[in-house]
Amino acid sequence: MAFLQAFLNGLLVGGVYALIASGMALIFGVMRLVNFAHGAFLMLGTYLGYYGWTLLGLNPYLAFPLWGAALFALAVGTYWLLVRRVMGASDFLQILLTEGIGLVLIGAAQLTFGADYRQINLPVAHRITSVGALHFSVGYILSFAVSVALVLALRQFLARTEMGRAIRAVAQNRTVAPLMGIRVERVSAITFGLGIACAGVAGALLLPIFWTNPTVGGPYTLKSFVIVVLGGMGSVQGAALGGLLLGVAEQFTAYTWADRYAEVVNFILFLAVLLFRPQGLFGGKGA
Amino acid sequence: MHARRLVLAVAVVALAACQQSKPGRIGIITALSGSQQAFGQAHDRGFQLALEEINAAGGVLGKPLEIVKYDDQSKADTAAQGVAKLVDQDKVTALIGSYSSESTKAIVPLVARRGVPLLMPTATADNVLENTQGWSFRLCSGATDYANGMVSFWKDAGTPKSVAIVYENTNFGQANGAAMKKAATEAAIPIVADESYTAKSPSYTAMLQKVKEKSPDAIYFASYLLDATSLMQQSRQVDLNARYFSAAGTGFSTPEFPTEDKGAGKDAEYTFSVTQWMPESKWPGSAQFAEKFKARWGSIPAYHAVQAYTALKVMAEAVKKAGKWDPVAIRDALKATDMPQTTFGPVKFDARGQNLHPVLVTQIQKGKYVIVHPRAEATGEPILPTPKWSER
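Chains U and L, in that order, give the protein sequences.
Mapping of the first sequence onto the numbering used here: residues 8 to 294, in sequence order.
Mapping of the second sequence onto the numbering used here: residues 621 to 1012, in sequence order.
Chain U extracted, bound-state conformation:
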């Protein structure tokens, strides 16, 4: 029973990880860009969720499309202004730029919101629901449900729509895609926007069960890398499964061994996959 509880709790947290990492995987798969600013955008999502709730009374579980749209717009703007210039440049330049964007966002957040931490008191998120001897936090269930629904929607979007096909085409071959009439720049901008929106929405969904401050995103950038590698560099589906796997691995490690080793296990998984299965645990050919 306890194992089942740890497993299910792991899945619940993992759902949010899956959403964050899917965004990063999409950006990496299509743009070949390692987005070090991912956690910083997630942080912006938490603040949108916070101010949406405290100033406008918008419940993050309902208002998340708004915050996703806001982050999408911001990311598209960032793409045209900055990211566009390092497309196809060396990894080093890309890392410098995205890390720089992240630092600017964190600094700007500290200036505007202050370094003070925030949390919201959403009664529904702290309610407990029990199934037999299993206990769940309603907040986690909601965050999980919305995250998983969005990951599935993203998958459908990529598989079924014209834009989704264009995105996959660019992921497959950036040089040939424009010859087929695909506007690579536009596709890249939209991809970046979607990837960032995933992180932002995940931030807004984490807020009711967690807290935020301008540096809250850092660990999630790192976690996303691990997940993207687990899932196969650039595979959105792989990242989604990788996120769930990481959530479960963390809770299992905490339950059977010790919470402090959860990160150790994460990085052992990361190294093992890089060494023995560099294409990722779930195969995956990009986007």
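These are calculated hints, taken from the structure and not from any lab test.
Watch out, some of these pointers could steer you wrong.
Stated by the list, open to error - Calculated lysine to aspartate or glutamate pairs in the EDC-like style (CA-CA distance at most 20 Å, straight line):
| no. | chain 1 | residue 1 | chain 2 | residue 2 |
| --- | --- | --- | --- | --- |
| 1 | L | K941 | L | D952 |
| 2 | L | K820 | U | E270 |
| 3 | L | K914 | U | E270 |
| 4 | L | K820 | U | D123 |
| 5 | L | K986 | L | D970 |
| 6 | L | K689 | U | D123 |
What the hints assert, rightly or not - To list a few chain L residues with every Cβ distance to chain U over 12 Å, as calculated:
| no. | residue |
| --- | --- |
| 7 | K695 |
| 8 | A807 |
| 9 | P810 |
Even for Gly, the Cβ is constructed at its ideal location relative to N, Cα and C.
For chain U, the structure is supplied; the task is to place chain L on it using the hints.
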């Protein structure tokens, strides 16, 4: 173009150098951002009040006292860079800081190497007193005092049959975990769980469930504020019950912790915590300090603020005694400190540089901290056993 830039750069550097190398200042390192910002803010406010009072009373050595602040971002490596910045660039003569034991441990050897005195206001891990080479002094009581204080309260209120120790995997957490292991062993209380965790995680349910399976009679947490909130909320989620939910101060002993919008709210109710100071403490100026603080910032200060406040006053006093801005003279003055009447109680350092400071035990009752131990200072009776989550 290049020449102009070069001239500009040289001018900027020269200007910066002029501004920075002004001797006669005290450097402060604390967590003004990052996950421990709540404590850094308490520090900052304490320093601010002390600075205003010192300067209103004529400053130090005939001049207004100046401090230089450095934000360690709640990270030990950044704190270490702070020593280089404050001492090498800003030429401060003495240092106070940092907030956490992790960051403080990192700066102790660095100040010794540079020969600058350091006063540690809040670091509870006892290893911050190692390798000080006589340059570092600690104002607060340490992890061993915390554990002994809590065990002494337990003995008074009914010795628990078993204890689970849950602590953050950092210098602060490990030190307090180890101190409780030792204290519980000495008191013949069986330790049924010994769990350390990675800070700032969104979910501790698996760990708490593991603790629950051991059915401990008492739980002793060593956590910062954000995790203290998560731990109590998730204890409710996994229905972890114990006679005593108790803690090594810190996150469990801040004005924010019992509030709904910045802490665990109702889930914080009944928790016991060690603390180093309360507005009700009998030391002179305690109530006034709390009032002044509340009038200015709207909340009752925790001990972290008064430790910072007192630290700056002690340091200023040492500079006055030394009679000059000289690190060796200030260090020697600190060694000879004897201030029986500070807001934080008597201050006098032993041979290790430790100020002998007593601890109190509080319980949160109806959202307020009530002193329940030692008896002589109690402002209320402990509520025991802690009601089960299902009965709250």
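Status of the hints after comparison with the structure:
1. A C-alpha spacing of about 9 Å is found between L:K941 and L:D952, which places the hinted pair at or below 20 Å, so the restraint holds.
2. Proposed proximity of L:K820 and U:E270 is supported: the alpha carbons are some 12 Å apart, at most 20 Å.
3. Restraint check: the Cα-Cα separation between L:K914 and U:E270 comes to about 40 Å, which exceeds 20 Å; the hinted pair is violated.
4. Proximity of L:K820 to U:D123 is assessed by CA-CA distance (about 15 Å); at most 20 Å being required, the pair is judged to hold.
5. For the suggested pair L:K986 and L:D970, the alpha carbons sit about 39 Å apart, so the restraint of at most 20 Å is broken.
6. With a C-alpha separation of about 17 Å, the suggested pair L:K689 and U:D123 falls inside the 20 Å cut-off, and the hint holds.
7. Not every C-beta of chain U lies more than 12 Å from that of L:K695, the closest at about 9 Å, which undercuts listing it as non-interface.
8. At the 12 Å boundary, the C-beta of L:A807 stays outside the reach of chain U, the nearest C-beta of that chain being 25 Å off.
9. No Cβ of chain U comes within 12 Å of the Cβ of L:P810; the nearest lies about 19 Å off, and the non-interface call holds.
Hints 3, 5 and 7 from the list above are not met by this structure, while the remaining hints are.
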